[in-house]
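Model the full assembly from the supplied sequences, consistent with the hints where possible.
So the sequences go chain by chain: A, B and C. Mapping to the numbering used here: the first sequence position 226 is 211, numbers consecutive. Mapping to the numbering used here: the second sequence position 159 is 144, numbers consecutive. Mapping to the numbering used here: the third sequence position 13 is -2, numbers consecutive.
One thing to keep in mind: the hints can contain errors.
It does not matter which identical chain is used: a pair holds within one copy or between any two.
Stated by the list, open to error - List time: in silico DSSO-like cross-link candidates among lysine-lysine, alpha-carbon distance up to 30 Å:
no.	residue 1	residue 2
1	Lys224	Lys173
2	Lys47	Lys191
3	Lys191	Lys176
4	Lys256	Lys173
5	Lys195	Lys173
Quick caveat, the hints were computed from the structure, so don't treat them as lab data.
The lines below spell out each chain.
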Amino acid sequence: MDPLLREIRHTPLLWMLVFVPIVLVAARMVPAAHTLLFVLAVLAIVPLAALLSHATEAVSEKTGDAVGGLLNATLGNLTELIIAVTALRAGEYMLVKASIAGAIVTNSLFMLGASFLLGGLRYHVQEYNRAGGRMHAALLLMATIALLAPAAVSELDLAREAMAQNFSAALAILLIAAYGLSLLFSLKTHKELFASEDHGQTEEAKWPIKLAVGTLLVVTVLVALVSEIFVESVQHAAKTLGMSPAFVGFIIVALVGAAAEMAVAFSAARKNRLDMNVSIALGSASQIALFVAPVLVLLSYVVGPEPMDLQFWPGAVTMVMISTVTATFVTNSGRSAWFIGALLLFIYAIFAMTLYMVPPGSQGPA
Amino acid sequence: MDPLLREIRHTPLLWMLVFVPIVLVAARMVPAAHTLLFVLAVLAIVPLAALLSHATEAVSEKTGDAVGGLLNATLGNLTELIIAVTALRAGEYMLVKASIAGAIVTNSLFMLGASFLLGGLRYHVQEYNRAGGRMHAALLLMATIALLAPAAVSELDLAREAMAQNFSAALAILLIAAYGLSLLFSLKTHKELFASEDHGQTEEAKWPIKLAVGTLLVVTVLVALVSEIFVESVQHAAKTLGMSPAFVGFIIVALVGAAAEMAVAFSAARKNRLDMNVSIALGSASQIALFVAPVLVLLSYVVGPEPMDLQFWPGAVTMVMISTVTATFVTNSGRSAWFIGALLLFIYAIFAMTLYMVPPGSQGPA
Amino acid sequence: MDPLLREIRHTPLLWMLVFVPIVLVAARMVPAAHTLLFVLAVLAIVPLAALLSHATEAVSEKTGDAVGGLLNATLGNLTELIIAVTALRAGEYMLVKASIAGAIVTNSLFMLGASFLLGGLRYHVQEYNRAGGRMHAALLLMATIALLAPAAVSELDLAREAMAQNFSAALAILLIAAYGLSLLFSLKTHKELFASEDHGQTEEAKWPIKLAVGTLLVVTVLVALVSEIFVESVQHAAKTLGMSPAFVGFIIVALVGAAAEMAVAFSAARKNRLDMNVSIALGSASQIALFVAPVLVLLSYVVGPEPMDLQFWPGAVTMVMISTVTATFVTNSGRSAWFIGALLLFIYAIFAMTLYMVPPGSQGPA
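Dropping the structure here:
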């Protein structure tokens, strides 16, 4: 336990772990105080997500190169996945879909933009591995095309057909197959193209394997418990705070889910290691499209009240496409300056504003 | 006749020419066996298309650089053109439009993707002439924008207006003018940019000019005869096999029409000559947009029951734009690896799946 | 006054200033001859715009680097702004929006295309500062995304809500903030990236500051007077000449507003200074999106009959996005040849044709 406690002592972010027992107790005591529970759940999830990603890396480090890479890639978005599964079980499909689309947008606009801005405020022009950036961008672009193509191509009454379910299941299997090949490509046959991807915080003290696995399991359970409170309270809190459901899924859930990765990314940006930022932001977005989204579709057959399809509403399709095309274009040159980051954040702000203003219910599928 | 017979003996693909008399006889004997006739017609068209492209090249080789280049460029998609004219005469405008859009998608996703995958399985990373690839990609991107702009801009009731006919005719003339300028550019004023475009199979035995022209004429007539059987049977066969009309035009017709070019492209990919692949795939797609499509519109005034316009249905517009933007992006770097090809094929598979699942009649213009 | 008169004597374009008094008198004498007034107003605005841009540069030259750059950037599209404000005061919001969208399309397709074509007819291949071109293109791409994102994302009934007004005002303030940052970036923190942007005609005789400011003020008033005649007559003339309102705003107003800049750009192209062309064309288009458009929204609260929003009709969104993506792609390589210019002009012609054919009233918001 020693390395874990030392870790917590040295990382102010982890001090927020104190909110985990608070929110669990509060949910028992005042189950109707939705806005309070929502705020407490957010404050509890952020440090848990940080710990989770830390434990994942500690485990993957011990298990050797290939298996470790696989683990890291598969569990990299574990927080997002747990929150989405909780929403899935509650039958909140609109929230699940909005959080999938929102996670891609948040990674490719907000995380990338804030990294470029933070890095650019310290360094005049930042250069990074162009080939790696391009490869990530190509993967992300095609991943989102694969995810969104059916929605973009047929906005028709496909959604109402029973056939849409089979179609979404078939698409999900195809996406997971593509994800498998992408791992084969990036971890095995062409791993030199993705070379600079070593994550920064592993320079610190190593964890013994038992501690790492134990932490991984315990924290997963804690995230699941807090997620349940979060999903239950978020909709009520949104109404109180005047937010549309689309805004909640797209912005709030996506930001909370990605908070831990962002902490890593922003510190890398200020150390002029933009390779890592591009790899975290675009890699995470690709993973949502090729792995998290189809896994949720397949899981919906088991844990959901009915199967979920992959039909996104037109506004979500447009926002995701704009985000990934912009991220692709921006990372194409291998150079960055503060204004590029500022522009990405402006586009993100405009999306957020649009979603906030949209009257609840006027958008999104039934 | 000697070189022709030797050619046939050495090319297993051409042994399939035996299906030409079989399908012609079968159409007389069992005119109602649509599915059988459809399969036989496909098997007969593929070797004919190979022979046709071979004869075209033999003729163009004899006629000197400028005229030869022109001939090669104009007759390069002769098979697609003959099939489409046959469908035009039968008044199957939906099939014609779907096959135009499908040919662009098939060339830029399937042919390019399969080439990259086949080449990538043998070579770790393949490099090719980046400037040439970019020029082809730029031409293709603008050609498809020119073709689709009206459909993308006004999905309104333009289609119902009598004015739409004049508009499509004017657009067709504009596209053919652009095509003429593109030939002037690529064959005359800036031919050095397209330098590596010499097609591979011309290294083999030369044909005498008489044999080449004779073969060209005879095979054109044969393709026309078999196309008639194909167009007649394909719709019936589709119904029997549970395919939507959009799927037939987009996927089946496009694959059959491009089969011969693909054989050339795939063998080039395995010889590490990706320049040729990019040039065949993107060049052929551009030609469909700038030459075949407008020629069909103008021909519809002569051979069709009524003039055909160039309004594509929204799903087709989206698929064509996604395909050409993806091909442009992918060829921008001048490098390739197997996974890039695999991703292009995944997107193609998703498009095919979407078209297959769409209930017949729910998409496409009346 | 001497340098001004010498300037006029040596610049044939400025001889057209004679139309200024003619149109002002004609408007008094034959207020109902709309087509005549329309033609005269166009003939008068073109030389006034040239003089205006000249005076702006003379003033900005005297005021030192930072203030001068700011002035030049802010007043660069003064003619477009004055025409639009006149239309705003007349409540012609459809015309204002069409001219905003049209100005972006005209700059990025027509001005760039004609420059590439004119330059390419004289030089085989033209190279230009790739980094500068990319920076301009990135700025333009993001500027149009920021401007159009709300329209692209929610084509729903947002337009009908009272909320749409607040939303557009908030968006306008965000866009102007982005514009301010872009000036900080391009004029101050990273001005070396935009280095080659010195405009050509300043090599000639310098104007004294008094003359420059005086000309600026007088010409601004004259442009405003003629614009009033132009806006009043253009709609009537359009009906007489069979043009749709969308065509008038998109093509006629945009071309008239940009005529002066085009004269500068085309002469630069023939001197093989494509850097300047790219910078004028893309810089001007960005400025319309980030500065002119939001200023018009905010001004509509003061001078218009009611607040104007930023909801563009879907066809305009598509055309603007296609134009900027194409311009981005084309300027990405830093090389040009005549055919690239010809293709840009073809796409512009197709857009113009589409707008011309669209029956008046079938497109555009109420």
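Against the structure, the hints:
1. With identical chains, the CA atoms of Lys224 and Lys173 are never at most 30 Å apart, being 48 Å at best within one copy and 44 Å at best between copies.
2. For the identical chains of this complex, Lys47 and Lys191 are intra-copy neighbours only, at 9 Å inside a copy versus 64 Å across copies, given an alpha-carbon limit of 30 Å.
3. Taking the shortest Cα distances, Lys191 and Lys176 sit within 30 Å of each other inside one copy (24 Å), while across copies they are farther apart (46 Å).
4. Taking CA atoms no more than 30 Å apart as the test, Lys256 paired with Lys173 passes in both settings, with 28 Å inside one copy and 24 Å between copies.
5. When the C-alpha separation of Lys195 and Lys173 is checked against a cutoff of 30 Å, the pair qualifies only within one copy, where the shortest distance is 27 Å, while the shortest distance between copies is 55 Å.
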